[in-house]
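There are 2 protein chains.
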Amino acid sequence: MISKSQIKLITSLSKKKYREQHGFFIAEGPKVIDEFIAEGLELHFHFTTEIVANETHVYHQVTSGELKKISKLTNPNTSLAVFKIPKKNAAITKGVRVVLDGVQDPGNLGTIIRLCDWFGVSQLICSKDTVDCFNPKVVQATMGSLARVVISYVDIKSLLQETTLPIYGGVLEGVSLYSEKIEEDSYLVVGNEGNGISEEIIAILTHKITIPQYGASQKTESLNVATATAILLSEVMRTTGK
Amino acid sequence: MISKSQIKLITSLSKKKYREQHGFFIAEGPKVIDEFIAEGLELHFHFTTEIVANETHVYHQVTSGELKKISKLTNPNTSLAVFKIPKKNAAITKGVRVVLDGVQDPGNLGTIIRLCDWFGVSQLICSKDTVDCFNPKVVQATMGSLARVVISYVDIKSLLQETTLPIYGGVLEGVSLYSEKIEEDSYLVVGNEGNGISEEIIAILTHKITIPQYGASQKTESLNVATATAILLSEVMRTTGK
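These protein sequence lines map, in sequence, to chains A and B.
All residue numbers for the first sequence refer to this note's numbering, where the first residue is 31 and numbers rise by one.
All residue numbers for the second sequence refer to this note's numbering, where the first residue is 31 and numbers rise by one.
Treat the hints with care, since some could be wrong.
One copy or two, it doesn't matter: identical chains are merged, so the pair holds either way.
As the list claims (entries may be wrong) - Calculated pairs, SDA-like style, for lysine to any residue (alpha carbon to alpha carbon, straight line, at most 25 Å):
#1 Lys-61 - Asn-222
#2 Lys-47 - Ser-94
#3 Lys-124 - Glu-69
#4 Lys-45 - Asn-105
#5 Lys-98 - Gly-224
#6 Lys-211 - Thr-270
#7 Lys-211 - Thr-93
#8 Lys-158 - Pro-196
#9 Lys-102 - Gln-134
#10 Lys-61 - Ser-228
#11 Lys-167 - Gly-224
#12 Lys-167 - Asn-107
Rather than coming from a laboratory, the hints here were simulated on the basis of the structure.
Generate coordinates for the entire structure from the input sequences, incorporating the hints supplied.
Below is the structure:
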């Protein structure tokens, strides 16, 4: 049984405003939920249609129909949980910090968070207009990585203006990624899906880098931002030999 | 005005069976449609809510309401076109051929097609159970790249069994990508989203390669298949110096 007040809370958590107000976010699917529990995130509710063996936390069994009502997915999974938004860990201030300038698509942010986790990036810094990392679609796309990467939302212009570290940015016309050695202690900026890095941030970059295009046609407009981030981070890791 | 028979045709084109039967596929949005026209694809219908200036082809003006009825998108664009599925170009048989073993997600296939176009991969070979490249969601994700990459659906097991070229495969436990030099004339296999490369194909690989994981936690399950393909292709292009 899901109470009316629980339904109301869960529905409200689709919106960032209410996630901030209540301090909770939603995760769906046993795999994602298990990963968050294993990472020590605090569970508020857990609804599942399955019988959970040896469960170490409280859960509520519900029918598929009940779950469908609260699910944000087109094809609801077998479980939905509400977690407390964790307190921010202090960021480890070394290595490459990835900076997102206005990334809008939840799937792209999710993929970038997984990439940061894979490549051991200590800090993911988002501009304030980047999609919220506790958006249900981002949570689904990141799997457990969301609990392991330190993510902050700041005024990236002020941050980058104040640093003395090199600031690399992925742009369409810059120095080839393969000829530029990216410093291990630095910022790496990638931009919005449609417009790339904003002009005011472009002006602060110390190094503009480009992923060379090899197609005979050279007509491909640009790479997807998550794809570009994957290639940039792989190259950072290869050259810094971490 | 959209006729009943046109609506029926368009609706049927969501399914691969009918795309094959009629020899048509759908593209939505002026940008994608313009790219396909520029690439010389044969237009069958073109419906748009906009007034098209200096139009060199026939189009039908429709209302947003009419467009909504035939659109496959949640947020319909301003135009929808039906194109003839192009005849296959003969593949250029040199360079790295990318082989997909059971990729299911249309967004992933779309991203991989864009990557092949970006990096000048002459041939994309898909196993028969890989999602169809004329699926409306794939078409949306590829933009014009779909018209520029030679894509075929074949029995990849037979194909790979018969070749004398090196066959590289992206797996979780293999030689580091950064220490293995990928031959320019070769096959590069990536696998299904959940299961990776199938066992029967794993058995035929001549080189198993892995994208090293650097995170302290080493808990990230795997990279998304499109992300992994991006990193593999970038490294091929960097080392072959094309």
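Hints versus structure:
For the homomeric pair Lys-61 and Asn-222, the shortest alpha-carbon distance between copies (18 Å) is at most 25 Å, but the shortest distance inside one copy (30 Å) is not. For the homomeric pair Lys-47 and Ser-94, neither the shortest alpha-carbon distance inside one copy (28 Å) nor that between copies (32 Å) is at most 25 Å. Within a single copy, Lys-124 and Glu-69 get their C-alpha atoms as close as 23 Å, which meets the 25 Å cut-off; across copies the closest is 47 Å, which misses it. For the identical chains of this complex, Lys-45 and Asn-105 are neighbours both inside a copy (20 Å) and across copies (19 Å), given an alpha-carbon limit of 25 Å.
In this homomeric assembly, Lys-98 and Gly-224 come within 25 Å of each other (Cα to Cα) only across copies, at 24 Å, whereas the closest approach inside a single copy is 34 Å. With identical chains, the CA atoms of Lys-211 and Thr-270 are at most 25 Å apart both within one copy (8 Å) and between copies (18 Å). Proximity of Lys-211 and Thr-93 under a CA criterion of 25 Å is satisfied in neither setting, with 55 Å inside one chain copy and 53 Å between copies. For the identical chains of this complex, Lys-158 and Pro-196 are intra-copy neighbours only, at 22 Å inside a copy versus 47 Å across copies, given an alpha-carbon limit of 25 Å.
Taking the shortest Cα distances, Lys-102 and Gln-134 sit within 25 Å of each other both inside one copy (19 Å) and across copies (22 Å). Taking identical chains as interchangeable, the C-alpha atoms of Lys-61 and Ser-228 lie at most 25 Å apart only when they sit on different chains, with a minimum of 22 Å there against 37 Å within one chain. For the homomeric pair Lys-167 and Gly-224, the shortest alpha-carbon distances inside one copy (20 Å) and between copies (19 Å) are both at most 25 Å. Taking the shortest Cα distances, Lys-167 and Asn-107 sit within 25 Å of each other both inside one copy (13 Å) and across copies (22 Å).
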